[in-house]
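Enquirer: One-letter residues, chain by chain:
Protein chains: 4
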Amino acid sequence: MFQVRTDLALEVRELYQEEKQQEIPGVKVDQEEDTDVLVTRVDVMDQQGAEIMGKKQGMYITLESPGLRKADADLKDHISQVLAKELKALLPERKNLKALVVGLGNWNVTPDALGPKAVAKIHVTRHLFKMYQKESDDHMIEVSAISPGVMGTTGLETGEIIKGIVEHSRPDVVVVVDALASRKMERVNATIQISTTGISPGSGVGNKRMALDEESLGVPVIAVGVPTVVDAATLTNDTIQLVIKAFSKQAQAGSEFYSMLEKLKEEEKYGLIREVLEPYNANVMVTPKEIDDIILDLSQIIANGINIALHPGIDLKDVNRYIH
Amino acid sequence: MFQVRTDLALEVRELYQEEKQQEIPGVKVDQEEDTDVLVTRVDVMDQQGAEIMGKKQGMYITLESPGLRKADADLKDHISQVLAKELKALLPERKNLKALVVGLGNWNVTPDALGPKAVAKIHVTRHLFKMYQKESDDHMIEVSAISPGVMGTTGLETGEIIKGIVEHSRPDVVVVVDALASRKMERVNATIQISTTGISPGSGVGNKRMALDEESLGVPVIAVGVPTVVDAATLTNDTIQLVIKAFSKQAQAGSEFYSMLEKLKEEEKYGLIREVLEPYNANVMVTPKEIDDIILDLSQIIANGINIALHPGIDLKDVNRYIH
Amino acid sequence: MFQVRTDLALEVRELYQEEKQQEIPGVKVDQEEDTDVLVTRVDVMDQQGAEIMGKKQGMYITLESPGLRKADADLKDHISQVLAKELKALLPERKNLKALVVGLGNWNVTPDALGPKAVAKIHVTRHLFKMYQKESDDHMIEVSAISPGVMGTTGLETGEIIKGIVEHSRPDVVVVVDALASRKMERVNATIQISTTGISPGSGVGNKRMALDEESLGVPVIAVGVPTVVDAATLTNDTIQLVIKAFSKQAQAGSEFYSMLEKLKEEEKYGLIREVLEPYNANVMVTPKEIDDIILDLSQIIANGINIALHPGIDLKDVNRYIH
Amino acid sequence: MFQVRTDLALEVRELYQEEKQQEIPGVKVDQEEDTDVLVTRVDVMDQQGAEIMGKKQGMYITLESPGLRKADADLKDHISQVLAKELKALLPERKNLKALVVGLGNWNVTPDALGPKAVAKIHVTRHLFKMYQKESDDHMIEVSAISPGVMGTTGLETGEIIKGIVEHSRPDVVVVVDALASRKMERVNATIQISTTGISPGSGVGNKRMALDEESLGVPVIAVGVPTVVDAATLTNDTIQLVIKAFSKQAQAGSEFYSMLEKLKEEEKYGLIREVLEPYNANVMVTPKEIDDIILDLSQIIANGINIALHPGIDLKDVNRYIH
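Chains as they are written, first to last, in this note's numbering: chain A, 1 to 324; chain B, 1001 to 1324; chain C, 2001 to 2324; chain D, 3001 to 3324.
If you're looking for bench data, these hints aren't it; they were derived computationally from the structure.
Treat the hints with care, since some could be wrong.
Claimed, not checked - In silico DSS-like links for lysine-lysine, alpha-carbon gap of 27 angstroms or less:
{"#": "1", "chain 1": "B", "residue 1": "K1070", "chain 2": "D", "residue 2": "K3121"}
{"#": "2", "chain 1": "B", "residue 1": "K1163", "chain 2": "C", "residue 2": "K2163"}
{"#": "3", "chain 1": "C", "residue 1": "K2163", "chain 2": "C", "residue 2": "K2056"}
{"#": "4", "chain 1": "A", "residue 1": "K245", "chain 2": "B", "residue 2": "K1245"}
{"#": "5", "chain 1": "D", "residue 1": "K3249", "chain 2": "B", "residue 2": "K1121"}
{"#": "6", "chain 1": "D", "residue 1": "K3121", "chain 2": "C", "residue 2": "K2249"}
{"#": "7", "chain 1": "C", "residue 1": "K2134", "chain 2": "B", "residue 2": "K1163"}
{"#": "8", "chain 1": "D", "residue 1": "K3070", "chain 2": "B", "residue 2": "K1121"}
{"#": "9", "chain 1": "A", "residue 1": "K163", "chain 2": "D", "residue 2": "K3249"}
{"#": "10", "chain 1": "A", "residue 1": "K121", "chain 2": "C", "residue 2": "K2121"}
{"#": "11", "chain 1": "C", "residue 1": "K2098", "chain 2": "C", "residue 2": "K2070"}
{"#": "12", "chain 1": "A", "residue 1": "K121", "chain 2": "C", "residue 2": "K2317"}
{"#": "13", "chain 1": "A", "residue 1": "K121", "chain 2": "D", "residue 2": "K3163"}
{"#": "14", "chain 1": "C", "residue 1": "K2098", "chain 2": "B", "residue 2": "K1163"}
{"#": "15", "chain 1": "A", "residue 1": "K134", "chain 2": "D", "residue 2": "K3163"}
{"#": "16", "chain 1": "C", "residue 1": "K2085", "chain 2": "C", "residue 2": "K2095"}
{"#": "17", "chain 1": "D", "residue 1": "K3121", "chain 2": "A", "residue 2": "K163"}
{"#": "18", "chain 1": "B", "residue 1": "K1121", "chain 2": "C", "residue 2": "K2121"}
{"#": "19", "chain 1": "C", "residue 1": "K2121", "chain 2": "A", "residue 2": "K317"}
Claimed, not checked - Negatives, chain D to chain A, calculated, CB over 12 angstroms:
{"#": "20", "residue": "Y3016"}
{"#": "21", "residue": "Q3017"}
{"#": "22", "residue": "E3023"}
{"#": "23", "residue": "I3024"}
{"#": "24", "residue": "T3035"}
{"#": "25", "residue": "D3072"}
{"#": "26", "residue": "L3075"}
{"#": "27", "residue": "H3078"}
{"#": "28", "residue": "P3092"}
{"#": "29", "residue": "S3136"}
{"#": "30", "residue": "E3142"}
{"#": "31", "residue": "H3168"}
{"#": "32", "residue": "A3211"}
The beta-carbon is built from N, C-alpha and C at its ideal position, and this holds for glycine as well.
Produce the complete structure using the sequences and hints provided.
Expert: Structure below.
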């Protein structure tokens, strides 16, 4: 059966609610909203919740703001600050924290380049702490950062690379930035998800197979992601749903045709999707035309949020200017 | 009514034939095929043909080769040579021809960057002819090349820029390279169209509004294009067609439902497409995930073909190596 | 004889003063300084001054600030504002001014990419004025922008391209951004020169042979440039001077050796420079290791200054954020 | 005292020979030459040789070919093949070898980007061996590749990163590609050095402090490097030498002036170099103007050589075409 592809906990819960009209057992949700951003915190509290959602136990926080896609600088600053605040609350509480920031994805595939581009703007300090043999600083913490590339270009599992780096550089926390997929175009480039569960195998735009999480790396892993594409299959599925809905309105419940529609819903939809997408060779995505500019903006917003959350002495005034 | 968007004369003719089951009056088509490439020459011979097709009178040659998308180097070389041969036949016959090659599109939008990337690989010689005050050469002709950018980043009509350059540098022919849109994903990045009619307003992935043709520039304009995207509307339309077809098989001709399907076909399809795409904000495209690499390959193939066609002394052995 | 290569009027005057110990006739100089920037205005008032300086009549304003090279964001903002103020004073006074901004130089040669990189950040509006058929706006003026590339990659004289664009788009003023050469490393990436005389043949890092000035284009041309390299010949010359000075201190005036030093000064220095640089193939430059980052910063500062100077409604708060 | 900076064993030996007029004890040198390439093999055989040279025991092979800098495609192919042959002879003899290729240096600093750019063209296969659970293949060996970035942008020692990857992915050999510094401009971009001793702390254009060698990584490490810059200090030193030589010709041996020249040679030269370079802030390099294109060419040549040396089924015909 066709599985809507989404990396957003928010959307998994939304799909469940659409079907069952109730909250997922074992899952607690709260929302907070200001004029510009809707913050939704989905807390997957136990194993039951995790199984229903197909997502690991932990906290999934979503920042939704359609304005993210537009060029309003003040709103973007505001979102960097909300991101910083939410992120900070999830970081281990400890003086002189040591953090490793990892950018997943492929530099050369635009919608997948969010991670590497954000990481390139992270304020990296670990080498300075080493050089000056400092243990602590009032303004900065010890931060390192790497974008290891993707398996198709390195031949290496990202997990193997990061595990080695964690073993040798001993950070207290790993922050992973990645591009995600959404089921709804309206969330693409308009949503940031923060989670305490790291990155699961098979998530993201490319193929990353080994998990990057506390279990595999031995330190807490916080993931920050933005959906940058919708699967073409999702667009096709949306279309089919709408066509069926259009017919259903005109068909009488109980009639032969109505049951045909129902039957189709169950059995043939996936076949139709495959038939539509087959000449497309499956390997297509749906993406806004101005994706290059959008990724540039988003990577700055994400980097700003992480820099503010990590370094005690960095605030918005600093991040907007001349940090490479 | 929904208009399938395509820049390929081949597809306009295909649509006509699907509906009318006959050749377009005023249009002559011939095909030639070897193991790897299907060459179709659509000759729009008179005003009637031009009106039906919505394309100007002139020759439209299409090279189709699914292999273009894969990494087979020999096939790519072969296609460069076929392109060179077809192109050469369209160039003005004249010794010491002077050519200007123009790359349309936006460097920073991957599927639209085909033109600028191909033009960056053109073997440019005009300044050398000027420097050494040469009038002719056995191996090279006088070639200049420019990628003027798009209106959104320059504020200028591309046509204004090119017209000025043609007036001051006086080429005998202009070759324009551009990214196109196709109605079928199977043709995306697998088809090259050469035409003698230049670029029409509104063609291409971005917005280019002034025509670049013999009428506006005063010299013959040959366009070389590759479809690099499919409109999301086209994917949606394909889906709707297939759903209706699936239902039609089960509905009896003459029944109320059958006529409902027919009715839908005429009236509501466009509304459905709009409803599906509305949250996508209209401004989306469907594109292969590995588009960045594909554009790199295609730009090399196109540049190779143009370099071989223009310069008498350049052949395949030369173009594959170290020309920046 | 060896000619120190410099594009800075300031340095030409400095060389004259070092030798003659007086001001150049026909040239007026005034200076203004705050804590961070030294503004020098060299006004070449008549033909005599122009001939001695080897520079056209007109105003040459230099902003010098060693801090430009460092990462101090506040200082950079300050310099953008000083640049904007000086630039504004040179613009034609007229409501609804129309401006064309031109980025000279080669995208792919880092120290020469200043112009194209700055121009990519200019706030372009001309197409919007056309689209909405507006004649005037309180916040914006009509701005277009282009980076035409260099002759080595286009085969075209930059002047030919720009002249055509000016003829077709009819701006009231042209602002040209270019990378320059300095005679002193301490000025490299630490100096901005604004002049009312446009760009002369042979200036800049690459080869640009046709002048871009009011005479050739028919509208005022304001040039904004930053020295981003020093010729290797200049470094060699500096070295030779210092060696000679070291010897001179120890040689008695009037002695045979002293006159040998003097003689060398006149006759052999150029030969020595050539001998040192010969294996270097002449085509080398001296440049800071972190040139890529520096060019990025400088292009932002220059673009900020131009955007503030041109558009009545843009100030520092806007330019620092999210303008692509 | 001023130390000429060079990463080439060839130049260290050259300097020794210039001074002592004899071969370095413990060092064996042989040369082989065809029309286009001079291959010099410097074998540092024992501890004495290593100490005199300041280089570790092992083999240093240099390919010198001035043509490398020009655009002759056939010569470049030839050099790829010579590189492949020399490299192959140094690889561990073993069926189904597993290799990790590492690109050192900074993507964003042109002359330092040689390693990352070459590595991006390496034919990577390890993930395919894993995916298809293959142990061996007739045409390919298991190759992985990574460009870890530099300490200034990651905060991590390159050695820490690579050590972790070697521990987790267990290659049999590591091939490291890096940009070097030469003492002579004529060798810049015209020389390839292959060595069996890996990368020593402080080598290369940037700062890499932990060694990458068999001792630190536990597997043989073969380094492939190309000098892409000359230190400005080297250029200055060359100049001073030539000035002194010019004076010396005219000064009588034994005269006071002659001894002054000698004295200067020993004591003041370094001071002069510092005095010349001081305003340059020490952090400058001398580089050809067309460095961007040169690095592109060189990275292709190096990648071609490595691909041919590693994979039994890849030859020149394959590497010249469409490998990303």
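Enquirer: Determine for every hint whether it applies to the structure shown.
Expert: So, going through the hints one by one against the coordinates:
1. K1070/B x K3121/D: OK: K1070/B and K3121/D at ~17 angstroms, within 27 angstroms.
2. K1163/B x K2163/C: holds, 11 angstroms
3. K2163/C x K2056/C: Since the Cα atoms of K2163/C and K2056/C sit roughly 20 angstroms apart, the hinted pair holds (cutoff 27 angstroms).
4. K245/A x K1245/B: The hint holds at about 16 angstroms.
5. K3249/D x K1121/B: violated, 51 angstroms
6. K3121/D x K2249/C: violated, 57 angstroms
7. K2134/C x K1163/B: Status holds; Cα separation ~24 angstroms.
8. K3070/D x K1121/B: holds, 17 angstroms
9. K163/A x K3249/D: violated, 64 angstroms
10. K121/A x K2121/C: Judged against 27 angstroms, a Cα distance of about 19 angstroms means the pair holds.
11. K2098/C x K2070/C: violated, 34 angstroms
12. K121/A x K2317/C: holds, 21 angstroms
13. K121/A x K3163/D: holds, 26 angstroms
14. K2098/C x K1163/B: With Cα atoms ~20 angstroms apart, K2098/C and K1163/B stay inside 27 angstroms; holds.
15. K134/A x K3163/D: Within the cut-off at roughly 24 angstroms; holds.
16. K2085/C x K2095/C: holds, 17 angstroms
17. K3121/D x K163/A: The given pair, whose Cα atoms are some 26 angstroms apart, holds under the 27 angstroms limit.
18. K1121/B x K2121/C: holds, 26 angstroms
19. K2121/C x K317/A: holds, 21 angstroms
20. Y3016: The assertion about Y3016/D holds, with a minimum of 34 angstroms to chain A.
21. Q3017: Non-interface label stands for Q3017/D: nearest chain A Cβ at 38 angstroms, farther than 12 angstroms.
22. E3023: holds, 40 angstroms
23. I3024: holds, 35 angstroms
24. T3035: Label holds. Min Cβ-Cβ 37 angstroms, cutoff 12 angstroms.
25. D3072: holds, 29 angstroms
26. L3075: L3075/D is indeed farther than 12 angstroms from all Cβ atoms of chain A, at 29 angstroms.
27. H3078: holds, 28 angstroms
28. P3092: Since the minimum Cβ distance to chain A is about 19 angstroms, P3092/D lies beyond 12 angstroms and the statement holds.
29. S3136: Holds, because the least Cβ-Cβ distance between S3136/D and chain A comes to about 16 angstroms, which exceeds 12 angstroms.
30. E3142: For E3142/D, whose nearest Cβ neighbour in chain A is about 8 angstroms away, the distance does not exceed 12 angstroms, so it is violated.
31. H3168: Label violated. Min Cβ-Cβ 4 angstroms, cutoff 12 angstroms.
32. A3211: Given a closest Cβ separation of 15 angstroms, the condition holds.
Checked against the numbered hints given earlier, the structure breaks hints 5, 6, 9, 11, 30, 31 and satisfies all the rest.
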